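In order, the protein sequence lines correspond to chains A and B.
FYI, in my numbering the residues of the first sequence are 1 to 116.
FYI, in my numbering the residues of the second sequence are 1 to 111.
Bear in mind the hints are in silico, worked out from the structure with no lab data behind them.
For clarity, every value in this text was computed on a predicted model and none was experimentally measured.
In this text, a Cβ means the ideal position worked out from N, Cα and C, and glycines have one as well.
Any given hint could be a false lead.
Below, a list of computed lysine-lysine pairs in the BS3-like style, where the Cα atoms sit at most 30 Å apart [claimed, not checked]:
#1 A/K15 to B/K69
#2 B/K52 to B/K3
#3 B/K52 to A/K11
#4 A/K17 to B/K3
#5 A/K57 to B/K110
#6 B/K52 to A/K15
#7 B/K69 to A/K104
Computed spacing ranges between beta-carbons, pair by pair [as the list claims (entries may be wrong)]:
#8 B/S41 to A/G28: 26 to 32 Å
#9 B/T79 to A/S62: 37 to 43 Å
#10 B/P21 to A/L116: 26 to 32 Å
#11 A/K17 to B/G15: 47 to 53 Å
#12 B/G15 to A/R64: 47 to 53 Å
#13 A/D63 to B/E14: 25 to 31 Å
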Amino acid sequence: GAGVSQSPSNKVTEKGKDVELRCDPISGHTALYWYRQSLGQGLEFLIYFQGNSAPDKSGLPSDRFSAERTGGSVSTLTIQRTQQEDSAVYLCASSPIRQAGNEKLFFGSGTQLSVL
Amino acid sequence: DAKTTQPPSMDCAEGRAANLPCNHSTISGNEYVYWYRQIHSQGPQYIIHGLKNNETNEMASLIITEDRKSSTLILPHATLRDTAVYYCIVRGPNQGGKLIFGQGTELSVKP
């Protein structure tokens, strides 16, 4: 498959547990984004990776959230000590940056996280 | 990023053209206009983007006014599968990597 792949597609966890969400971007895409979408709400930017540059973490809601991108490819979003308000769909996107401001994002299908 | 304003919802009859407006009166000269859509329970999908000229692709046409303060996304022959939330976003090259989504327009295509 040539698209952005996210796993798992669904994750149910108990409050206080840690979770890891994975994103496999499209091969060759240098930019990777994480967003989340709570039920009935818009998309909330979380973090952005571009090549070897320092990530833009300005959207992470608390220090319980972190993300890394290994080898410029796969990314993992980690949520520690999950809370019920973390329940949402977590979406990953990648982009073949050619000219900043003139690129398009390709989204995965998301991970539905439910914190009980 | 320049702020955009879209109507919260619109209806369109199947087979007719859907014209979705977007106001971006504070747009800067180097900022692009992007359109994405999100069909229920799916990730957003890129539709089209442009800087100042009108653009057309297999999905839609983008009409940008001469002063660039507004634009219209046109779906020439809307189908039921085009029912989705449509997001208009303005972004330039000096604003980092993040694309900020607003509330969008919920388009309902009716038979």
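Hint by hint, which ones does this structure get wrong, listed from lowest number up?
Hints 1, 3, 4, 5, 6, 10, 13 contradicted; others consistent.
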